[in-house]
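*Asks:* Taken in sequence, the protein lines are chains A, B, C and D.
Heads up: the first sequence begins at 3 in my numbering, then just goes up one per residue.
Heads up: the second sequence begins at 3 in my numbering, then just goes up one per residue.
Heads up: the third sequence begins at 3 in my numbering, then just goes up one per residue.
Heads up: the fourth sequence begins at 3 in my numbering, then just goes up one per residue.
Hints may be right or wrong, so weigh each one.
[As the list claims (entries may be wrong)] No farther apart than 30 Å at their CA atoms in a straight line, the calculated lysine-lysine pairs in the BS3-like style are these:
1) C/LYS28 / D/LYS268
2) D/LYS315 / A/LYS327
3) A/LYS314 / A/LYS287
4) A/LYS133 / C/LYS140
5) A/LYS314 / D/LYS140
6) D/LYS44 / D/LYS314
7) C/LYS346 / B/LYS133
8) C/LYS271 / C/LYS290
9) B/LYS171 / A/LYS44
10) C/LYS28 / D/LYS44
11) D/LYS201 / D/LYS232
12) B/LYS133 / A/LYS44
13) C/LYS314 / D/LYS47
14) D/LYS314 / C/LYS47
15) D/LYS314 / B/LYS52
16) D/LYS315 / A/LYS314
17) C/LYS28 / B/LYS290
18) B/LYS44 / D/LYS315
19) C/LYS290 / B/LYS133
20) C/LYS285 / C/LYS315
21) D/LYS133 / A/LYS140
22) D/LYS315 / D/LYS287
23) D/LYS133 / D/LYS47
24) A/LYS44 / C/LYS171
25) D/LYS271 / D/LYS287
26) A/LYS55 / A/LYS287
Calculated directly from the structure, the hints in this document are not laboratory data.
Protein chains: 4
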Amino acid sequence: MIMKKTDMLYFACDYMEGAHENILRKLLEINLEKNTGYGFDKYSKSAADKIRKECGLNNQAEVYFLTGGTEANTTIIDALTMNHDGVLTADSGHISVHESGAVEAYGHKVITLESNEGKVSAQTVKDFLVKFNLDASKEHMVYPGMLYITFPTEVGTVYSLKELEDLRKVCDEYDMPLYMDGARMGYGLSSYNCDVTLKDIARLCDAFYIGGTKVGALLGEAAVFTRPLKVRNFLTHLKCHGGLLAKGWVPAVCFDELFTDGLYYKISKHAVDLAMQIKEALKQKGYKLYMNSTTNQQFAVVSNDFCDELSKKVSFDMWAPIDDKHTIIRLATSWATTQEDVDKLISLL
Amino acid sequence: MIMKKTDMLYFACDYMEGAHENILRKLLEINLEKNTGYGFDKYSKSAADKIRKECGLNNQAEVYFLTGGTEANTTIIDALTMNHDGVLTADSGHISVHESGAVEAYGHKVITLESNEGKVSAQTVKDFLVKFNLDASKEHMVYPGMLYITFPTEVGTVYSLKELEDLRKVCDEYDMPLYMDGARMGYGLSSYNCDVTLKDIARLCDAFYIGGTKVGALLGEAAVFTRPLKVRNFLTHLKCHGGLLAKGWVPAVCFDELFTDGLYYKISKHAVDLAMQIKEALKQKGYKLYMNSTTNQQFAVVSNDFCDELSKKVSFDMWAPIDDKHTIIRLATSWATTQEDVDKLISLL
Amino acid sequence: MIMKKTDMLYFACDYMEGAHENILRKLLEINLEKNTGYGFDKYSKSAADKIRKECGLNNQAEVYFLTGGTEANTTIIDALTMNHDGVLTADSGHISVHESGAVEAYGHKVITLESNEGKVSAQTVKDFLVKFNLDASKEHMVYPGMLYITFPTEVGTVYSLKELEDLRKVCDEYDMPLYMDGARMGYGLSSYNCDVTLKDIARLCDAFYIGGTKVGALLGEAAVFTRPLKVRNFLTHLKCHGGLLAKGWVPAVCFDELFTDGLYYKISKHAVDLAMQIKEALKQKGYKLYMNSTTNQQFAVVSNDFCDELSKKVSFDMWAPIDDKHTIIRLATSWATTQEDVDKLISLL
Amino acid sequence: MIMKKTDMLYFACDYMEGAHENILRKLLEINLEKNTGYGFDKYSKSAADKIRKECGLNNQAEVYFLTGGTEANTTIIDALTMNHDGVLTADSGHISVHESGAVEAYGHKVITLESNEGKVSAQTVKDFLVKFNLDASKEHMVYPGMLYITFPTEVGTVYSLKELEDLRKVCDEYDMPLYMDGARMGYGLSSYNCDVTLKDIARLCDAFYIGGTKVGALLGEAAVFTRPLKVRNFLTHLKCHGGLLAKGWVPAVCFDELFTDGLYYKISKHAVDLAMQIKEALKQKGYKLYMNSTTNQQFAVVSNDFCDELSKKVSFDMWAPIDDKHTIIRLATSWATTQEDVDKLISLL
């Protein structure tokens with residue numbers, strides 16, 4: 003990640019700012035309240051209720067507020083699988099590429115499947131499972147214990163409702179839990195032409211997390227379990243993974259605010275709107291888009307010379323080299339990006 | 003933990019409030035700044051520098067900002083020990099009693115030693131090690147890979163400088179790292195008659211953490227490694243344990259403020275001062291103190307009838323039954339406790 | 003363990019010899035047969051059938067042949083418990099004292115209960131569970147996920163049928179699996195006055211292993227699961243723990259022979275008979291028995307001078323010092339101990 | 003694996019028979035000897051000395067006798083790497099394909115590299131490491147903590163001395179241990195044109211294991227550490243992985259015999275000679291060889307019809323389908339395969 007200082011424009015990622023002002027205001031307001039620890043406070047209850055309602059889930063669905071995405075991925079995957087089960091994922095999936103081996107640190111092999119635009123298809127999953135079950139040596143192979151998907155994907159695309167329903171069908175057929183990593187879920191749900199709602203996600207997934215860190219929260223992710231959990235007590239499970247916060251109300255307050263009056267969607271849409279302006283500008287100025295992303299991350303192919311030039315004024319992510327002379331760059335907006343900064347960025351493209 | 007609602011007085015624990023106002027003010031002030039993720043921001047650097055200075059450590063000492071005590075204990079213990087090494091601790095030690103098995107979850111047996119007033123003596127540690135090394139079956143036993151102590155202890159006592167130096171001597175003799183869990187370190191350092199400074203701790207321990215969650219931070223603990231680390235890269239190690247925060251500056255800002263103008267000590271002393279008032283009142287009113295605690299937690303033996311009566315107006319912790327008719331209760335102050343609440347509490351004793 | 007060479011008498015432990023001659027003869031006989039690997043051979047099937055029959059179990063009970071006791075304990079405990087559950091055991095239990103932390107290496111804390119003559123009582127277990135379930139902090143404590151017992155115990159005693167039935171009752175009440183480590187099971191079942199049969203054990207335990215290494219096998223233990231297993235596929239589970247043998251028929255042949263014509267009981271009784279001669283001699287010669295052991299291990303209190311003298315001619319185990327001048331010694335017989343050696347030993351006492 | 007019964011010819015794998023007769027004879031001869039447990043016996047010492055001598059290693063090199071290949075891979079990999087380090091391997095490597103996730107079960111991600119004929123080149127390893135070290139996100143990626151290779155490979159090929167020396171050079175440059183899985187090492191060392199000796203392997207690798215299970219032992223593998231070990235005590239480490247045998251002399255006796263008078267090489271050469279006859283016959287009869295294997299496993303492309311026909315009389319491994327009408331089959335010889343069976347097999351091709 004390339005980061006330079008003053009007067010720079012910042013489009014390197016979506017977790018560079020603090021929290022939406024409603025959240026900070028609330029934290030300030032309740033600062034000297036006496037709250038019970040470890041998630042037994044009223045904000046945790048309120049936020050869980052709002053999320054359950056938004057998801058169309060009843061009280062049996064369990065909602066927990068965790069500190070970050072890796073914490074969410076490792077604790078949820080470990081809760082949904084048996085010892086040493088493997089996890090199926092698109093080969094571009096975050097847990098395979100950028101999770102530092104945290105999933106394997108808990109004993110679960112990450113098994114990669116061919117992907118297209120960051121997505122894995124139901125057919126690919128099914129082909130894998132058919133082949134696995136036919137293999138005479140399957141006792142010596144890693145059991146595919148769950149399917150992990152990201153929404154939106156690492157390259158900014160989103161699954162359609164049909165695609166999710168097809169994945170669910172395969173999961174049902176093979177009695178395999180479906181888990182969605184929603185680190186940027188808001189940006190996916192608010193993307194243009196997205197035909198998936200949070201209720202759909204809740205209906206189709208065994209578990210998912212709603213990302214807060216990248217979508218307006220000071221920190222935190224909301225883990226949602228839509229089916230009864232195998233782990234005896236998720237709080238103990240979480241503590242054994244090092245992730246049980248004493249002041250559980252801090253991430254809970256974030257979600258309590260984000261899920262009041264549709265704030266989560268509003269701020270997500272803001273980021274997507276700005277990203278679409280950037281996308282349009284890139285196209286108009288003749289850049290090749292690396293991916294047809296409909297969310298807050300835009301990927302363009304630029305010459306290395308332009309890349310060097312731009313990096314003097316803009317902080318962005320050099321995603322990958324394409325050839326000796328070209329590089330894919332990533333420009334990310336967030337809930338906190340301003341129209342002014344986008345205008346300046348576009349003028350530099 | 004017994005917790006009742008409005009008009010109650012709250013002395014149940016020291017993590018019921020948010021953060022010192024300086025911290026919230028700073029978070030508000032920098033909210034829309036663009037900060038680099040994962041601890042590479044300027045606040046992480048500044049706070050680490052201040053802590054190193056306060057500890058009398060040079061730049062080789064590594065300082066990291068984690069989210070909570072369990073995260074700190076599991077990642078530090080796992081970084082200091084070899085695979086499957088055991089951890090020596092007082093039998094009253096937090097990792098043995100109230101860590102949910104998180105240390106064992108990473109493969110390290112917690113080996114308990116007899117304690118006195120929450121402390122383990124150098125002689126006890128040495129006796130254990132002598133016996134272990136004489137045992138003909140020691141290959142079939144858990145290797146004692148480190149010594150874990152708490153400062154202050156779970157019952158509010160603090161090690162003297164002499165006691166710490168003696169523990170260090172045994173650790174040196176047996177080439178065993180010494181790690182201090184400082185969840186409430188401020189309250190220990192600010193306690194009356196404490197002859198230990200942060201510089202002493204840094205000189206005597208291989209690693210320790212300075213507690214923030216219970217001492218004025220919104221959340222976070224500062225892990226300090228005074229000797230070169232065996233683990234290749236603590237950030238990757240931390241991520242593999244699920245504990246690497248994207249917005250690493252959030253806990254860092256807490257410590258940057260706490261270690262400005264001695265704030266950490268000032269707010270700690272406030273809590274200790276109030277606790278000493280409670281202690282004095284308990285003594286004057288004829289209660290038996292369970293422990294001669296010099297820090298923010300006070301322990302008294304009360305009749306079950308009084309306990310019931312008090313719990314209608316005060317939230318406190320029922321520590322343990324003493325006999326059929328008596329219970330030990332714990333009354334904890336914090337950086338945020340008010341003189342007014344202490345006066346009211348004392349009037350009810 | 004003290005071991006000296008030629009002309010010595012060997013009573014140090016029960017795993018110093020190879021295998022019963024029937025087993026070696028069979029291994030020789032089938033040496034060039036072509037057998038399928040990984041436990042899918044005919045001897046594994048035959049031995050499992052014989053064991054199921056002897057246990058009064060139907061085909062749903064699963065039987066596996068493992069290489070050793072630690073392998074058995076870690077894989078079975080890990081199969082019966084959830085992630086990070088703790089294991090209840092007598093404080094003298096092998097997994098607590100001499101398993102090198104192998105149970106903790108898989109994340110399970112070993113929780114010790116007070117014992118009497120190596121045994122834990124139903125009342126002690128129940129008291130622990132009652133207290134645990136009343137504890138307001140139980141989310142921060144290790145969940146007691148199973149009960150581990152040894153039969154016979156580490157000090158040679160055996161549970162009565164009534165004691166086992168009482169333990170089962172508590173386990174049922176708390177929905178907690180009961181697992182028996184039967185490293186020396188034969189010596190227990192063949193001990194005088196033992197009112198427990200293999201059928202009783204199979205009826206009362208969720209899982210147990212029948213020890214082979216110490217009871218006539220070249221190597222190997224037979225793991226028996228009397229209830230349906232939670233782990234998806236025990237062979238994969240076993241391989242993930244490093245314990246799946248390519249030539250699975252080697253331990254299986256051992257058990258196939260041991261469970262033919264009651265060989266397992268016959269050779270066990272031989273060892274117990276000889277141990278009873280030693281016990282009688284110890285009593286007659288005025289030694290204090292440390293434990294009223296009814297199995298193949300006998301424990302006596304001797305003066306340190308005698309201990310030194312005896313160790314010049316006999317290899318035995320110095321169990322523990324009693325005081326400055328006395329030591330508890332352990333004398334173990336095995337299926338391979340001869341009457342001649344016992345006579346010589348007795349003449350030296 | 004397809005296995006049929008009587009009158010069948012067996013070429014399915016190399017672990018279907020017991021042990022070389024010298025080994026069984028020795029086990030019989032010493033059966034009632036009293037041997038010290040856990041690898042402290044004289045056979046363990048003798049076998050280790052012979053192996054060190056054959057390897058040109060001095061007494062500082064550590065040699066241990068384990069029960070099987072998975073045990074060897076997991077304990078050695080875990081001993082050579084730091085917590086959560088990844089392991090580089092050819093994408094065809096056993097630990098990636100057929101180890102059930104046992105390496106990941108101990109927290110180490112298996113990172114696959116492109117291979118050619120089962121081998122990974124120094125250039126491929128270097129390219130990976132150069133790219134890894136340039137990656138700005140490498141803290142979020144799995145650290146490549148060691149290089150794992152197989153000798154011979156899973157498809158019967160062997161590294162040349164030059165290839166091994168080049169791999170060592172890269173490992174030196176990046177301070178990365180090199181570990182060789184020698185499950186079939188004998189068949190590799192005895193293969194035609196192999197220019198590598200055990201001394202070369204010992205000089206170039208940090209650790210390796212000499213396979214016994216597949217090369218004449220009843221069971222067991224000899225782990226050799228040529229450099230000082232980071233783990234404190236390998237026996238305790240081994241026990242924590244469930245793999246410390248009480249009767250450590252059983253695998254040790256196997257290696258003590260195999261490394262007497264070059265038996266290990268003689269019986270390996272026998273298997274390779276027979277395999278070369280099969281290879282020649284396959285070529286002469288016009289079958290396409292899938293791989294130019296020079297060791298005991300031969301791979302041919304056959305029509306599915308012929309495959310069906312052959313499987314009525316020969317047990318072999320159906321390696322993989324090539325297309326709708328053709329399959330790769332594997333024919334394996336072992337130290338115990340007879341000329342007579344090979345002649346019969348050839349007559350059926």
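*Asks:* Take the hints in turn and mark each one as holding or not.
*Replies:* Hints, one by one, checked against the model:
1. Of the supplied pair hints, the one linking C/LYS28 and D/LYS268 holds, its CA atoms being roughly 26 Å apart against a limit of 30 Å.
2. Our distance criterion of 30 Å between C-alpha atoms is broken by D/LYS315 and A/LYS327, whose separation comes to about 60 Å.
3. Of the pairs offered as hints, the one joining A/LYS314 and A/LYS287 holds, with about 20 Å between alpha carbons and a cut-off of 30 Å not exceeded.
4. With a C-alpha separation of about 45 Å, the suggested pairing of A/LYS133 with C/LYS140 is violated against the 30 Å cut-off.
5. This hinted pair checks out: A/LYS314 and D/LYS140 have alpha carbons roughly 23 Å apart, not beyond 30 Å.
6. Note on D/LYS44 and D/LYS314: the hinted pairing is violated, with a Cα-Cα distance of about 47 Å set against a maximum of 30 Å.
7. Among the hinted pairs, C/LYS346 with B/LYS133 is inconsistent with the structure: their alpha-carbon atoms are about 34 Å apart, more than 30 Å.
8. A C-alpha spacing of about 24 Å is found between C/LYS271 and C/LYS290, which places the hinted pair at or below 30 Å, so the restraint holds.
9. Between the alpha carbons of B/LYS171 and A/LYS44 the distance comes to roughly 48 Å, so the proposed pair goes past 30 Å and is violated.
10. In summary, the hint linking C/LYS28 to D/LYS44 is supported, as the alpha carbons are separated by about 26 Å, within the 30 Å threshold.
11. For a cut-off of 30 Å, the pair hint linking D/LYS201 to D/LYS232 stands: about 23 Å separates their Cα positions.
12. For the hint linking B/LYS133 to A/LYS44, the alpha-carbon distance of about 51 Å lies beyond 30 Å, and the restraint is violated.
13. Proximity of C/LYS314 to D/LYS47 is assessed by CA-CA distance (about 24 Å); at most 30 Å being required, the pair is judged to hold.
14. At most 30 Å may separate the alpha-carbon atoms for a hinted pair to count; D/LYS314 and C/LYS47 meet this at roughly 24 Å.
15. A threshold of 30 Å between alpha carbons decides the hint, and for D/LYS314 with B/LYS52 the separation of about 78 Å lies outside it, so the pair is violated.
16. Only pairs whose Cα atoms come within 30 Å are accepted, and D/LYS315 paired with A/LYS314 is rejected, the gap being roughly 73 Å.
17. Pair hint C/LYS28 plus B/LYS290 does not hold up; C-alpha atoms about 74 Å apart against a cutoff of 30 Å.
18. Between B/LYS44 and D/LYS315 the alpha-carbon distance is near 73 Å, which puts this suggested pair outside the 30 Å criterion.
19. A hinted pair counts as satisfied when its Cα atoms are at most 30 Å apart, and C/LYS290 with B/LYS133 qualifies at roughly 25 Å.
20. Annotation: proposed proximity of C/LYS285 to C/LYS315 holds, straight-line Cα distance about 21 Å (limit 30 Å).
21. Of the supplied pair hints, the one linking D/LYS133 and A/LYS140 is violated, its CA atoms being roughly 34 Å apart against a limit of 30 Å.
22. A hinted pair counts as satisfied when its Cα atoms are at most 30 Å apart, and D/LYS315 with D/LYS287 qualifies at roughly 18 Å.
23. At most 30 Å may separate the alpha-carbon atoms for a hinted pair to count; D/LYS133 and D/LYS47 exceed this at roughly 45 Å.
24. For the given pair, A/LYS44 sits about 40 Å from C/LYS171 by alpha-carbon distance, which is inconsistent with the 30 Å threshold.
25. Annotation: proposed proximity of D/LYS271 to D/LYS287 holds, straight-line Cα distance about 24 Å (limit 30 Å).
26. Taking the CA atoms of A/LYS55 and A/LYS287, the gap is near 44 Å; set against the 30 Å cutoff, the hint is violated.
Hint violations for this structure: numbers 2, 4, 6, 7, 9, 12, 15, 16, 17, 18, 21, 23, 24, 26, all remaining hints satisfied.
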